[in-house]
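Protein chains in written order, with this note's numbering: chain D, 2 to 590; chain X, 46 to 306.
There may be inaccurate statements among the hints.
Said to hold, decoys possible - Pulled a few chain X residues facing chain D out of the computed Cβ check, cut under 8 Å:
#	residue
1	59
2	88
3	245
To be verified - For lysine-lysine, the following DSS-like pairs were computed, each having C-alpha atoms within a straight-line distance of at most 25 Å:
#	chain 1	residue 1	chain 2	residue 2
4	X	123	D	347
5	D	271	X	144
6	X	280	D	347
7	X	240	D	337
8	D	504	X	56
9	D	424	D	153
10	X	52	X	144
11	D	207	D	460
12	D	334	X	280
13	D	355	X	144
14	X	134	D	207
15	X	280	D	355
16	D	504	X	64
17	D	471	D	207
18	X	252	D	153
19	D	153	X	177
20	X	149	D	347
21	D	337	X	280
22	D	488	D	207
23	D	460	X	52
24	D	347	X	144
25	D	557	D	544
26	D	156	X	177
27	D	347	X	52
28	X	134	D	347
Simulated from the structure, these hints should not be mistaken for laboratory data.
The beta carbon of each residue, even a glycine, is placed where N, CA and C say it ideally should be.
The chain contents come next:
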Amino acid sequence: MAAAPRIIVIGGGLAGLSAVIKIAEAGGTVDLFSIVPVKRSHSVCAQGGINAAKDLKGEGDTVLKHFDDTVYGGDFLANQTPVKNMTAQGPAIIDLLDRMGVPFNRTPEGLLDFRRFGGTLYQRTAFAGATTGQQLLYALDEQVRRFESEGKVKKYEGWEFLSAVLDNNGVCRGICAMDLRSMETRTFAADAIIVCTGGNGAIFGKSTNSVVCTGSAQSALYQQGAFYANGEFIQVHPTAIPGEDKLRLMSESARGEGGRVWVPRDKNDKRAAQSIPEPDRWYFLEERYPKYGNLVPRDIATREIFKVVYEDGMGIDGQPMVYLDVSHLAPEKQHKLEGILEIYEKFVGDDPRKVPMKIFPGVHYTMGGLWVDFNQQTNIPGVFAAGEADYSIHGANRLGANSLLSCIYGGFVAGPQAMAYTKNLPAQVGDGGHAAELKRQNEKNSALLNNKGTENPFKIWRELGENMTKHATIVRYNAGLDEADAKIVELLDRYKNVNLSDKSQWANTSFAFTRQLYNMLELARVIVKGARLRDESRGAHYKPEFAERNDERFLKTTKAAFVDGAPSISYEEVDTQYITPRPRVYTSS
Amino acid sequence: MTERTIKVEVKRQSGPDAKAFTETFEIPYRPNMNITSLLGEIALNPRAINGAESTPITYDSNCLEEICGSCAMLINGKAMMACSALVDKLLGAVEHGQKPDLSKTITLAPLSKFPVVRDLAVDRSVLFENLKAVKAWVPIDGTYDLGAAPRQHPQIQEERYPLSNCISCTICMEVCPQFNDVTGFVGAATIAQTKLFNMDPAGSVLKEERLRALAGDGGIQECGFAQNCVQACPKQLPLTEAISDIGRDVFIQQVKDFFTH
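Kindly produce the complete structure, drawing on both the sequences and the hints.
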């Protein structure tokens, strides 16, 4: 192509901004679409840190050990080539972030400080207090603002992606998007698009995710023919504050700095937590996992907490809660956790520096996402994906502090690969499908606005969340999953009868939400179907009826395709060319 | 048992040029609610207190844990983040476990210094434009691997980190008497970011340009030292310290420029 390639990036979190920076640097032109001002993207919520085997603690850490920990932590479901590449690039990515001015914590010598995280025995996690995601997001946001001021990037903040524009050959020629103020829907031309739209926690109602994390964009693309892979792998984080409107994350860094998880040994113990002496406390993770202690991977810690509460009946005061205790830590250690301790203090009212925190697991992250090849391209030509929105890297369970790295790595691959793709792109024939896609989306809009039903979309959402949390999170049973799918089908049917109390055409947030809700329902079916068919236990996916990992049948990537209005599942071999799968055991000392 | 409820008065406006009006809602009370969950309750059942059918309230929100900076609004007249504004506390239960007074009414209104988009949502893009004006970034040469950055004393990190916690909520601008159309004052957040980047060993290469951008009309001289900003900031940024440091630097820069131009 003669002209400079025109690329659209959707989503302004770490993955999206990383892609934008690479494209702008290489001379491409980028249109950046985001529902919220990019500085308010969900990456801002990441707390504990970012992994890279810099080995600045004299432990003999290497990128190969990081590679192995990640593959093992993911229960061998991740394709190994991209994981190997990501871990190899880790140290350079940290150095780059440091050069961008991220206020990483330092050792007295002035070097980057590192802390330990779950699923590893090495201090491999660089951090900026307990607000690392915020600091990283800002650093990339600042670089993009610089490119914006130089005219290399145009931001469309407050625009929501609705769909890809596909030509007669199924090749992507742009996107259809909606201005969330004027509600204007229009198409934008692009030679390639990169989808970096994050997670889908909203499908579970309450989660640690932000409001925008609905998975709506991924679902729309799945409905347009993109494969959605490993959807059933949902990470439930062991330590979140139960809340009225959301579950607020208490970072793994609390345990990385020495925080301990416990319950009273006597379930009838009515004493205040701080007055319960050491021998009367049951540190169940340390007892069961002497080697990793409180820093076992998240899927394991979550299941243990779940068992302590629901099988042993040992939750605090009979409630679904256990203690996460940092009150014994030295003030310097507590200082490094300031960001999250403030969150606890603000939202719960107790001072976690003095009183153990009460926590419970909460839906946190999707390992699954849009299927991509090793160049981050989906099966739709010209549609790339990166970050939490794609399925690569984390397999069946993500290790803490690998998400920020995978977002930046994914964006750094997707940007240049999208540029390379456009070089051989045949010229568009006719309008490339723009008029047809715009018409399709406008019809959806007017159908919704003119619907005379009785169903409140927020009520349907609440029921979806309760249904998914009950049947498709920590422990899964086939009967429950069948029930869950039947419920979603019922909700999809009731959705046809949805009624918008607000039919105005200006900043109509419930209209935008109701469009997202439909996509959430379709994607929920993918999660449930994938879980239903996977009769084994692997990483975050746990079925008591099939408690063992079954490599023979299920060492495979789940691929969901949207066929005749429902998910159709097929399986694909996993790339295990570097590390032979072995049993995943964290108990041995 | 009758359901316990609370009253919420919301200042609404259907668009930038529409007339504002107040609508009152009665909402089922549960302990430990925050303002965003209260707004969620209205969306579940959008009906005003007189029984009239209404619509969900438009407002900005995202993370709901006071880190994305979206949901700033006036709550009982005070600029606060809606997610961390706890209903029990607003109803007088100051101490943990104290009973809230359910007869009190909570009022919600949009920030007053920014153009209203709709209801409680306002346009705060002026802050992002200000950040461009002071070049709030480190001008790296490129993203390729250049090895480790220079070592940096932990003291620099200790001083920069609190400034880097700014969530761009604009509450410091809302409460500032000098932040208005007459002065064109950039506000405390932008000045704090200037200090953040001037303190970075590599970022300081643009120090002089940043200081010149803050000299003159709308710049740092507009600050009247009311100190509202530092009191209202939800993230406790050392804003007045940043203003006085940058104020000194701007003055020195102006003197230097006077003798060299």
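These are the hints, each one checked on the structure:
no.	hint	result
1	59	holds, 7 Å
2	88	holds, 5 Å
3	245	holds, 4 Å
4	X:123 with D:347	holds, 17 Å
5	D:271 with X:144	holds, 23 Å
6	X:280 with D:347	holds, 11 Å
7	X:240 with D:337	holds, 22 Å
8	D:504 with X:56	holds, 20 Å
9	D:424 with D:153	holds, 19 Å
10	X:52 with X:144	holds, 16 Å
11	D:207 with D:460	holds, 14 Å
12	D:334 with X:280	holds, 20 Å
13	D:355 with X:144	holds, 24 Å
14	X:134 with D:207	holds, 23 Å
15	X:280 with D:355	holds, 21 Å
16	D:504 with X:64	holds, 19 Å
17	D:471 with D:207	holds, 12 Å
18	X:252 with D:153	holds, 24 Å
19	D:153 with X:177	holds, 14 Å
20	X:149 with D:347	holds, 22 Å
21	D:337 with X:280	holds, 16 Å
22	D:488 with D:207	holds, 18 Å
23	D:460 with X:52	holds, 22 Å
24	D:347 with X:144	holds, 18 Å
25	D:557 with D:544	holds, 17 Å
26	D:156 with X:177	holds, 14 Å
27	D:347 with X:52	holds, 23 Å
28	X:134 with D:347	holds, 11 Å
Of the numbered hints listed earlier, not one is contradicted by the structure.
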